[in-house]
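Trainee: Going line by line, the protein sequences match chains R and U.
Here my numbering is used: the first residue of the first sequence is -10, the next is one more, and so on.
Here my numbering is used: the first residue of the second sequence is 207, the next is one more, and so on.
Since the hints were made in silico from the structure, they are not lab data.
Keep in mind it's a predicted model, so treat the numbers as computed, not measured.
Honestly, I wouldn't trust all of these hints.
With a Cα cut of at most 30 Å, we get these calculated BS3-like pairs of lysine-lysine [what the hints assert, rightly or not]: (1) R:K67 with R:K11; (2) U:K522 with U:K583; (3) R:K69 with R:K35; (4) R:K67 with R:K78; (5) U:K425 with U:K340; (6) U:K583 with R:K104; (7) U:K425 with R:K67; (8) R:K69 with R:K104; (9) U:K309 with U:K340; (10) R:K35 with R:K78; (11) R:K11 with U:K583; (12) R:K(-5) with U:K288; (13) U:K340 with U:K415; (14) R:K78 with R:K(-5); (15) R:K11 with R:K78; (16) R:K(-5) with U:K583; (17) U:K578 with R:K78; (18) R:K114 with R:K104; (19) R:K(-5) with U:K309; (20) U:K583 with R:K35; (21) R:K114 with R:K67; (22) R:K69 with R:K114; (23) R:K104 with R:K35.
Chain R residues, not near chain U, derived (Cβ > 12 Å throughout) [as the list claims (entries may be wrong)]: (24) E1; (25) R31; (26) E64; (27) G68; (28) K69; (29) D72; (30) S115.
Partner residues aside, some chain U positions facing chain R, computed with beta carbon under 7 Å [to be verified]: (31) E250; (32) M519; (33) D523; (34) E551; (35) H554; (36) S588; (37) M593; (38) L595.
Idealized CB from N, CA, C, for every residue including glycine.
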Amino acid sequence: MSYSDKVLDHYENPRNVGVLDKEDANVGTGMVGAPACGDVMRLQIKVGEDGLIEDARFKTYGCGSAIASSSLVTEWLKGKSLDQALEIKNTDIAEELALPPVKVHCSVLAEDAIKAAISDYQGKKSPADSASAA
Amino acid sequence: MELPIYLDYSATTPTDPRVVQAMLPWLGANFGNPASRSHSYGWEAEQAVENARAQVAALVHADPREIVWTSGATESDNLAIKGAAHFYRNRGRHLITMTTEHKAVLDTMRNLEREGFEVSYLTPEPDGLLDPDKFAQAIRPDTILASIMHVNNEIGVIQDIAALGTICRQSGVLFHVDAAQSAGKVPIDLASLPVDLMSFSAHKIYGPKGIGALYVQRKPRVRLEAQMHGGGHERGMRSGTLATHQIVGMGEAYRLAHEEMDADNDRIRALRDRMLEGLSALDETYVNGDLDRRVAHNLNISFNFVEGESLMMAMKDLAVSSGSACTSASLEPSYVLRALGRSDELAHSSIRFTLGRFSTENEVDRAVELVKQNVNKLRELSPLWEMHLDGIDLNSVQWAAH
């Protein structure tokens, strides 16, 4: 399989690999996928007082496209409001990384990870709201 | 050192330069058709073909008259299984094979099922080996043929074909063995082995691609219905003008294997063990398949908590296979590893290293370094590895499957 230059770049130099304290009230953690399916993404965001995402970190078990998709979204998320973050669609990720059709599921997983991280953060801020939204 | 380092000898081997030299005249001045009986061009070619037939037969202790040329092991498997099933269909309609066979056998069996044959697919033990008792139990009064590979292409385990063949003989079942991965790697003595049909390839043992052979036992005589019709070449079992240069190449490759197999194996086994020792420094690595009853050149390892495709991508300086080379275009984990009962995760993270005649210590050492470096890098990226280090049992986690 051949990979686009952007996938290779993110794969070889992944951005924002790491862990944020998931007990921190300002941190939202989203973990999606399953080992049996060949990919698991954990995406974490830290939201500042101004409501903007000030940090984003990831760890991913999966193919190069899955690693690149999660690395790319950590770059995109920083500085965005939660509403703006929710506007990131898998098609944007797939287009930016020129993912072939068999790898589109990696971008879907990255979009799911954003939603899961935001939902986790919102749940910490107002548990009732997120329960009704879930 | 030539990059990428070639560690995929079970996919194919480089043609030995001595084999290439032996082939060249038969692409040049000696172009005759071995079936031409009326002039010296034909006679010379025929002699070269018969010389090669004797060389192939010698490696496996067969009579040269028991060797039928084909285009490769896939065709040999097709001819053996379909040819015998069609010829003996009035004896019964039941066939036996194993779930870890090569696709050339499995897909041929599937096709016979569509024609009305019934096939039992036996599952090996977790070490990759077939239990002869389970094999014996699968035989029915209407079983006509069993097909079991000698050496598995992915995990390199060696089946006990002497025991399995004896069971077949006792039950009057024909026994076909796919020896594509074992000829030239493991001693084969067809003079004493209870095997009726055996498939061979040239390109797995430093010969050219596009040529193979099928052993068809003469005493007692095994009959086949031809799958390729035409001029009645190869005793009517496989028509088509013989590819003299390819055949000469296969003969020379088998002659070299006959002479050099023991020395090659000793050297290659030492390299393989060196590689295993180096890679064992990594935590959470699992060798797939039995390590003792295994060919010298194969090492199939799963690196837990790392996904195989990303590992392959990380190791762009290594030419290796993830899962089965034949199916690596698909994203499914290896069906062979799953048949052994390996979890999907471990099946996903498997790499097959296969060494050969031209592998060197330097190459092995460099490969070990690259693998260690990249497995560690990917584990740093892996949430599963982190959870493992935190003592979390991944089986207890509720995954959001997608």
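Trainee: Each hint should be assessed against the structure and marked as holding or not.
Mentor: Outcome of the hint check:
1. R:K67 with R:K11: holds, 18 Å
2. U:K522 with U:K583: holds, 14 Å
3. R:K69 with R:K35: holds, 11 Å
4. R:K67 with R:K78: Measuring from Cα to Cα gives roughly 16 Å; hence the hint holds.
5. U:K425 with U:K340: holds, 28 Å
6. U:K583 with R:K104: holds, 27 Å
7. U:K425 with R:K67: Violated. K425 of chain U to K67 of chain R sits at ~77 Å, over the 30 Å cutoff.
8. R:K69 with R:K104: This hinted pair holds, its Cα atoms lying about 14 Å apart.
9. U:K309 with U:K340: holds, 22 Å
10. R:K35 with R:K78: holds, 20 Å
11. R:K11 with U:K583: Status holds; Cα separation ~23 Å.
12. R:K(-5) with U:K288: Violated. K(-5) of chain R to K288 of chain U sits at ~49 Å, over the 30 Å cutoff.
13. U:K340 with U:K415: violated, 36 Å
14. R:K78 with R:K(-5): The given pair, whose Cα atoms are some 18 Å apart, holds under the 30 Å limit.
15. R:K11 with R:K78: holds, 25 Å
16. R:K(-5) with U:K583: holds, 19 Å
17. U:K578 with R:K78: violated, 36 Å
18. R:K114 with R:K104: Judged against 30 Å, a Cα distance of about 15 Å means the pair holds.
19. R:K(-5) with U:K309: violated, 36 Å
20. U:K583 with R:K35: holds, 25 Å
21. R:K114 with R:K67: holds, 20 Å
22. R:K69 with R:K114: Holds: K69 of chain R and K114 of chain R sit about 18 Å apart, inside 30 Å.
23. R:K104 with R:K35: holds, 14 Å
24. E1: violated, 9 Å
25. R31: violated, 4 Å
26. E64: holds, 16 Å
27. G68: holds, 24 Å
28. K69: Nearest chain U Cβ is 23 Å from K69 of chain R, so the label holds.
29. D72: holds, 23 Å
30. S115: For S115 of chain R, whose nearest Cβ neighbour in chain U is about 22 Å away, the distance exceeds 12 Å, so it holds.
31. E250: violated, 47 Å
32. M519: With Cβ-Cβ at 4 Å, under 7 Å, it holds.
33. D523: violated, 13 Å
34. E551: Given a least distance of 4 Å, the restraint on E551 of chain U holds.
35. H554: holds, 5 Å
36. S588: At about 4 Å, which falls below the 7 Å cut-off, the nearest Cβ of chain R leaves the hint on S588 of chain U intact, so it holds.
37. M593: violated, 9 Å
38. L595: Since the shortest Cβ distance to chain R is 12 Å, the answer is violated.
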